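Peer 1: As a plain string of letters, each chain reads:
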Amino acid sequence: MAKPLPKIGSRRNGRIGSRKNSRKIPKGVIHVQASFNNTIVTVTDVRGRVISWSSAGTCGFRGTRRGTPFAAQTAAGNAIRTVVDQGMQRAEVMIKGPGLGRDAALRAIRRSSILLSFVRDVTPMPHNGCRPPKKRRV
Amino acid sequence: MPHVHLCLLLLRPHQPLLNSQRNINLFPVWTPTSTAPVHLRPKLLINSITCMAKPRRVKMVAKQIQRELSDMLLTDKMLQYAVLPVAALGADRYLSSLTTISDVEVSADLQVVKVYVSVFGDDRGKEVAIAGLKSKAKYVRSELGRRMKLRLSPEIRFIEDESLERGSRVIAILARIKASKDNVLDEDDEFSESSDSPQDDRDWEGDDPDDIIYVK
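The listed protein sequences derive, respectively, from chains A and B. Throughout the first sequence, residue numbering follows full-length UniProt numbering, covering 1 to 138 in sequence. Throughout the second sequence, residue numbering follows full-length UniProt numbering, covering 1 to 216 in sequence.
Do not rely on the hints blindly, as some may be mistaken.
Claimed, not checked - Below, a list of computed lysine-lysine pairs in the DSBU-like style, where the Cα atoms sit at most 35 Å apart:
#, chain 1, residue 1, chain 2, residue 2
1, B, LYS178, A, LYS27
2, A, LYS135, B, LYS136
3, A, LYS24, B, LYS138
4, A, LYS27, B, LYS126
5, A, LYS24, B, LYS149
6, B, LYS54, B, LYS138
7, A, LYS96, B, LYS63
8, B, LYS114, A, LYS135
9, B, LYS138, A, LYS135
10, A, LYS135, B, LYS77
11, B, LYS77, B, LYS126
12, B, LYS54, A, LYS134
13, A, LYS134, B, LYS63
14, B, LYS126, B, LYS59
15, A, LYS96, B, LYS77
16, A, LYS96, B, LYS178
17, B, LYS59, B, LYS114
18, B, LYS181, A, LYS24
19, B, LYS126, A, LYS96
20, B, LYS126, A, LYS135
21, B, LYS138, A, LYS134
22, B, LYS149, B, LYS134
23, B, LYS59, A, LYS96
24, A, LYS134, B, LYS181
25, B, LYS114, B, LYS138
Worth flagging that the hints you see were computed from the coordinates, not collected in a lab. Only a predicted model underlies this, so the values are computations on that prediction, with no experimental measurement involved.
Using the sequences plus the hints, can you model the full thing?
Peer 2: What follows is the structure, given as structure tokens:
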């Protein structure tokens, strides 16, 4: 799942991992996974190593309120607050999944002091692979 | 006597036409001394009977339609091209505008569906997206009928939804007031800012593209 980082015996890689609190990253990637019941916002660097994350559930909402756009906004706000203090200016946003969190989190990111460079949609699309779950009967 | 008529009407809700014919034949037999009001009242009752689903089922159908439409927006090529014709299909999914279905309202008889669509992006992208969706309403209706098992596939109307944008603006104003309250503890300043906020709303509509710095 994680990209294999080169485990050469260079002290620089190990040191950065342990000193992650003082890492200054001007450009990062914000992943927003918006399902119908929850929204998870993860801030990583350009390579994909996670810096901080937040979700509607960890922001104190439970149950049906996790899926609301307001919860997505607070989750995005929380995730960005830690990173803005570290000095991130530009970010690319990757959106995954349907759900109200897509729009709401984007608006929250736009209204903060982070510059959006790109917005991409990375919803996983099978080239007709696994069988999807059965149809819900209504 | 009228009670029995009501029972007859309720017994067969699926065939209102047949019911009306039978009852009109029956009335002279059952109420030989009936006067005009008795004839008129049941006719009004017959005309007002339609098949209404239970409210819980209406909600379930609405939720399912929302899931299906969101899935269609993500996977269906024709819809994506209608919403975002700017060669998004060839440009590795770098989007200029993002369309989300924020709400679905279904009428009580499951015939009319109002889909509230919220578009993130500039004004032109919004117009293009909404116009594209409205032009594909019939296609969406047929796709929905194919995907969902409903007796009659409902008529779909797309409506633009400003509520998410308004909500985010209100939250930003509230955060700004809170921040200024922390900075300035003077109560007069607070009152003057809260009274300025409706004007700020109108100003912000022009400022939105450049609005990066206001809220921290």
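Peer 1: Hint by hint, say whether it matches the structure.
Peer 2: Hints, verified against the model:
Between the alpha carbons of LYS178(B) and LYS27(A) the distance comes to roughly 29 Å, so the proposed pair stays at or under 35 Å and holds. Our distance criterion of 35 Å between C-alpha atoms is met by LYS135(A) and LYS136(B), whose separation comes to about 24 Å. Simply put, LYS24(A) and LYS138(B) have alpha-carbon atoms about 52 Å apart, too far for the 35 Å limit, and the pair is violated. As the CA atoms of LYS27(A) and LYS126(B) are separated by approximately 28 Å, the hinted pair is consistent with the 35 Å bound.
Taken as a hint, the LYS24(A) and LYS149(B) pair is broken in the structure, with Cα atoms around 54 Å apart against an allowance of 35 Å. Pair hint LYS54(B) plus LYS138(B) holds up; C-alpha atoms about 27 Å apart against a cutoff of 35 Å. For the proposed pair LYS96(A) and LYS63(B), the alpha carbon gap of about 20 Å is at most 35 Å, so the pair holds. Of the pairs offered as hints, the one joining LYS114(B) and LYS135(A) holds, with about 23 Å between alpha carbons and a cut-off of 35 Å not exceeded.
For the given pair, LYS138(B) sits about 23 Å from LYS135(A) by alpha-carbon distance, which is consistent with the 35 Å threshold. Of the pairs offered as hints, the one joining LYS135(A) and LYS77(B) holds, with about 21 Å between alpha carbons and a cut-off of 35 Å not exceeded. As the CA atoms of LYS77(B) and LYS126(B) are separated by approximately 19 Å, the hinted pair is consistent with the 35 Å bound. With a C-alpha separation of about 24 Å, the suggested pair LYS54(B) and LYS134(A) falls inside the 35 Å cut-off, and the hint holds.
Only pairs whose Cα atoms come within 35 Å are accepted, and LYS134(A) paired with LYS63(B) is accepted, the gap being roughly 16 Å. The suggested pairing of LYS126(B) with LYS59(B) holds, with an alpha-carbon distance near 28 Å, which does not exceed 35 Å. The suggested pairing of LYS96(A) with LYS77(B) holds, with an alpha-carbon distance near 17 Å, which does not exceed 35 Å. Of the supplied pair hints, the one linking LYS96(A) and LYS178(B) holds, its CA atoms being roughly 32 Å apart against a limit of 35 Å.
With a C-alpha separation of about 13 Å, the suggested pair LYS59(B) and LYS114(B) falls inside the 35 Å cut-off, and the hint holds. Our distance criterion of 35 Å between C-alpha atoms is met by LYS181(B) and LYS24(A), whose separation comes to about 30 Å. Among the hinted pairs, LYS126(B) with LYS96(A) is consistent with the structure: their alpha-carbon atoms are about 21 Å apart, no more than 35 Å. The straight-line distance between the Cα atoms of LYS126(B) and LYS135(A) is roughly 32 Å, inside the 35 Å bound, and the hint therefore holds.
Simply put, LYS138(B) and LYS134(A) have alpha-carbon atoms about 26 Å apart, close enough for the 35 Å limit, and the pair holds. Annotation: proposed proximity of LYS149(B) to LYS134(B) holds, straight-line Cα distance about 23 Å (limit 35 Å). For the hint linking LYS59(B) to LYS96(A), the alpha-carbon distance of about 26 Å falls within 35 Å, and the restraint holds. Distance restraint check for LYS134(A) and LYS181(B): the Cα-Cα separation of roughly 53 Å exceeds the 35 Å cut-off, and the hinted pair is therefore not satisfied.
For the suggested pair LYS114(B) and LYS138(B), the alpha carbons sit about 14 Å apart, so the restraint of at most 35 Å is met.
Comparing the model with each earlier hint shows violations of hints 3, 5, 24; every other hint is respected.
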